[in-house]
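Undergrad: Line by line, the protein sequences are chains A and B.
Quick note, in the numbering used here, the first sequence goes up one by one and the last residue is 236.
Quick note, in the numbering used here, the second sequence goes up one by one and the last residue is 737.
Hints are computed from structural coordinates only; laboratory data are not their basis.
Fair warning: this is a prediction, and the values are worked out from it, not measured in the lab.
Hints may contain errors.
Here are some, though not all, of the chain A residues that point toward chain B, as calculated from beta-carbon distances under 10 Å [claimed, not checked]:
{"id": "1", "residue": "Tyr117"}
{"id": "2", "residue": "Pro122"}
{"id": "3", "residue": "Leu143"}
{"id": "4", "residue": "Leu160"}
{"id": "5", "residue": "Ile177"}
{"id": "6", "residue": "Asn180"}
{"id": "7", "residue": "Pro182"}
{"id": "8", "residue": "Leu184"}
{"id": "9", "residue": "Val185"}
{"id": "10", "residue": "Ile189"}
{"id": "11", "residue": "Val195"}
{"id": "12", "residue": "Thr204"}
{"id": "13", "residue": "Ile211"}
{"id": "14", "residue": "Val216"}
Listed below are the simulated DSS-like cross-link pairs for lysine-lysine, each with C-alpha atoms no more than 25 Å apart in a straight line [stated by the list, open to error]:
{"id": "15", "chain 1": "B", "residue 1": "Lys339", "chain 2": "A", "residue 2": "Lys209"}
{"id": "16", "chain 1": "A", "residue 1": "Lys84", "chain 2": "B", "residue 2": "Lys339"}
{"id": "17", "chain 1": "B", "residue 1": "Lys258", "chain 2": "B", "residue 2": "Lys339"}
Glycine included, C-beta positions come from ideal geometry on N, C-alpha and C.
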Amino acid sequence: MNDTTNQLLDNLNALVVGLFLLTAFGIVAMRQARGCLNLFIIQSLLLAASAALLGLRHQTEHLYGVALVNVISKPIIVPWLLRKTSPSEIYTRREVDQVLNIPTALLIALALAILSYFLGQPLLKAVGPDFRGPNVPIGIAGLLLGAFTITVRREAVPLLIGLLVMENGAFLTGIAISRNLPLLVELAIATDGLVIVFIMGVLTRAVQKQIGTTAVGSLATLKEAPDTTEESEVAK
Amino acid sequence: MSVLVILLLPLIATGLVCLPFKRFWAPTITVISSLAVLILAGHVAWLTSSGGSITSDLKIGMLKWIAVDGLSALILLLIAFVGTTAAIYSIGYMGHDHLTTGKLRLYYANYNLFVFSMLAIPVLAEPTLVWIVVELTTLCSALLVSFENTREALEAAWKYVVLSLMGAGMALFGFLVLFAAMQASGSTGAYTWSNLVLAAPLMPPVLLQTAFLLILIGLGTKVGLVPMHTWLPDAHSQAPSPVCALLSGIETTAILYVILRLFPVMQAAPASHAETWATVLGLLSVGTAAFILLQVRDYKRMFAFSTVEHMGIILTAVGLGVSVAGYSAMQQVVSHCVTKSFCFFAAGVVLLAVETRQIASVRGLIRKSPVAGAALVFGGLAITGAPPLAVFLSEFSILKAGLTQREYLATALLAIFIVIAFFGIMFHINRMVFGTEGNGETESSNHLSPSENGKTFHLPFSCRLALLIAAIPVLVLGFYIPQPLQDLMAQAAAVLTKPTP
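Make a model of the complete structure from these sequences and hints.
TA: Laid out in structure tokens, this is it:
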């Protein structure tokens, strides 16, 4: 493949991972569970697109496999599994009591994204020139923003999506710096995501049946001091 | 081939227990399959301890990702042992009447899946595949933690899953960076533990250290190392007791095994600070757990914190220098496994006898249920390292190794924390077992179950049997370690130090 095509593919990939970062920001800010899920689906499609572009760019066939798996598993099977396992009303829930308000959360997310750029630099210098690209810092940003989403959310579905965003972030870096991993391994990692969704869905349903809410962040009775435990029991 | 059979047996058992037969079907199948796994694991361990290799006939196709050396065989044997005793214990513990047969089937199906996912950890040699089965251990055990379906159990399971999976996300990143480091070193071999050690000297240090830290923190979350331990006492206290024995006794160790696998890699690389990190995190865990142990109010949480302490001790031992303390660390792994599973069995029979988890509500246990009381005292003494029991021997040899390494500060801190933990645990257990009611703890009488008004409580036979079987190694390993086990631990320690050819 000639240089112009390569350049074009690199630029396209940069655009795609840039959009990936935007979706991660969107998930931090989105209040509606349904919106979070939709953004996550877009993000997974972008991850698949990036895998396909990198596969084309470096002639690595099994990245197409990764792209295909991502297109099938996350946008189709994840929402289906969630619908099967957990109560349907969780989609329509709006979270009013986030730990942080949205502007603050976005500012912190921005700081994390800048931090991940600096964290990515030493890694980029260490890998071969063939493996460099915007995927590394943005993958780290995905990981950090996913973790941040988990810490500020209390609803079950956004928490779950935060976990999946972390995995997407790790994967986005993975397709760039360790793209020669055997396909079987990548398939197994993708399947693992589905098991996560299934188990968390079942847990969510159990929590809702038992406690009557899916705001799992409000579960905080297990502590070292039993006095506060009893108080909170009374408060309920 | 026996390795493949070990992995297949729990899967077959999972399928079989789902069949709609009578009530005793699922427990019987589970016990039979775990006994078979134990025998096969013993066979594998026997072959490995005498220096033989059982992986030579597996070098084809996908099977090249399966490899068993001394360290894996040791962990495999321990998982099989705790899996068996916990299966026997489950018969009596889960056998109470208000559990429907369907729910019981679900328990055993999950149980076998969980054991399968743990058995796969030491057997697989491909780090990313190991990561996947580590994830599976979380996911298979989540429904076991929430099994009792109370508000607390669900909260514990939820915390467990979210924190473990957050850690797993970081660890995945670490393993991918590790793969990139291996590529950058110019190695073309398959991504396995042994090839990693070979490639380590040429890896870019930045990548290797980043990978190590990410994996240490990510998987350390699941081991329960201190800044990331917050979920552990919840999950390990809310699950049914046989599951606690599995979680605390062996699952944490199996995950720690994955971290230990990185130490030979880090040693082969120039200027790595792996051992410093291990010592710092280890001492932090031991210290924090020791002080929390003084003020716990729930005896199952007490044993859970003791797990945090012991994971810290093992990590500190490795940090003191694998060449000297490697064998002691392996000894500690073995003694912790057998002792902690016993402790949770003991805590389980106490729970059956008094039906409360609060330390303050349990007094004079020895009069209500002599077996439960005696088991709790024995477990407490064993886990805190009273001579002549297994943990005493291993902790003593770790401290000795620390002194020969001239790491006086770390050794002294370790010794002090161990003593504090001893007093913490024994103080609580002493009051529970021998204390008299009414000395300022008047509210305790509200929690007492009707069954123990003067009458002694009768434990199910299988619980007694499991306690007995679990007590044997705790007692015996204190003064006599059989030669094959010594060889196996020496082999395991050798894996930690020198690159395998």
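Undergrad: Against each hint, give a clear statement of whether it holds in the structure.
TA: Status of the hints after comparison with the structure:
1. A hinted interface residue such as Tyr117(A) counts as satisfied when its beta carbon comes closer than 10 Å to some beta carbon of chain B; here the least separation is about 15 Å, so the hint is violated.
2. Given hint, Pro122(A) at the interface with chain B, holds; its Cβ is 5 Å from that chain's nearest Cβ, closer than 10 Å.
3. The restraint placing Leu143(A) at the interface with chain B holds, with a minimum CB-CB distance near 6 Å, inside the 10 Å limit.
4. About 9 Å separates the beta-carbon of Leu160(A) from the nearest beta-carbon of chain B, less than 10 Å, and the hint is met.
5. Annotation: Ile177(A) was flagged as interfacial toward chain B, and the flag holds, the nearest CB pair being 4 Å apart, inside 10 Å.
6. At a threshold of 10 Å, the smallest CB-CB gap from Asn180(A) to chain B is about 7 Å, leaving the interface hint in force.
7. For Pro182(A), the shortest C-beta to C-beta distance to chain B is roughly 8 Å, which falls under 10 Å, so the interface hint holds.
8. A least Cβ separation of about 7 Å between Leu184(A) and chain B falls short of the 10 Å threshold, and the interface hint therefore holds.
9. Checking Val185(A) against chain B by beta carbon gives a least distance of about 5 Å; that is within 10 Å, so the hint holds.
10. Interface hint status for Ile189(A): upheld, as the beta-carbon distance to the closest one in chain B is roughly 6 Å, under 10 Å.
11. Given hint, Val195(A) at the interface with chain B, holds; its Cβ is 5 Å from that chain's nearest Cβ, closer than 10 Å.
12. Annotation: Thr204(A) was flagged as interfacial toward chain B, and the flag holds, the nearest CB pair being 9 Å apart, inside 10 Å.
13. A hinted interface residue such as Ile211(A) counts as satisfied when its beta carbon comes closer than 10 Å to some beta carbon of chain B; here the least separation is about 6 Å, so the hint holds.
14. A cut of 10 Å between beta carbons decides the hint on Val216(A): the least distance to chain B is about 5 Å, and the hint holds.
15. This hinted pair checks out: Lys339(B) and Lys209(A) have alpha carbons roughly 17 Å apart, not beyond 25 Å.
16. The straight-line distance between the Cα atoms of Lys84(A) and Lys339(B) is roughly 20 Å, inside the 25 Å bound, and the hint therefore holds.
17. For the proposed pair Lys258(B) and Lys339(B), the alpha carbon gap of about 13 Å is at most 25 Å, so the pair holds.
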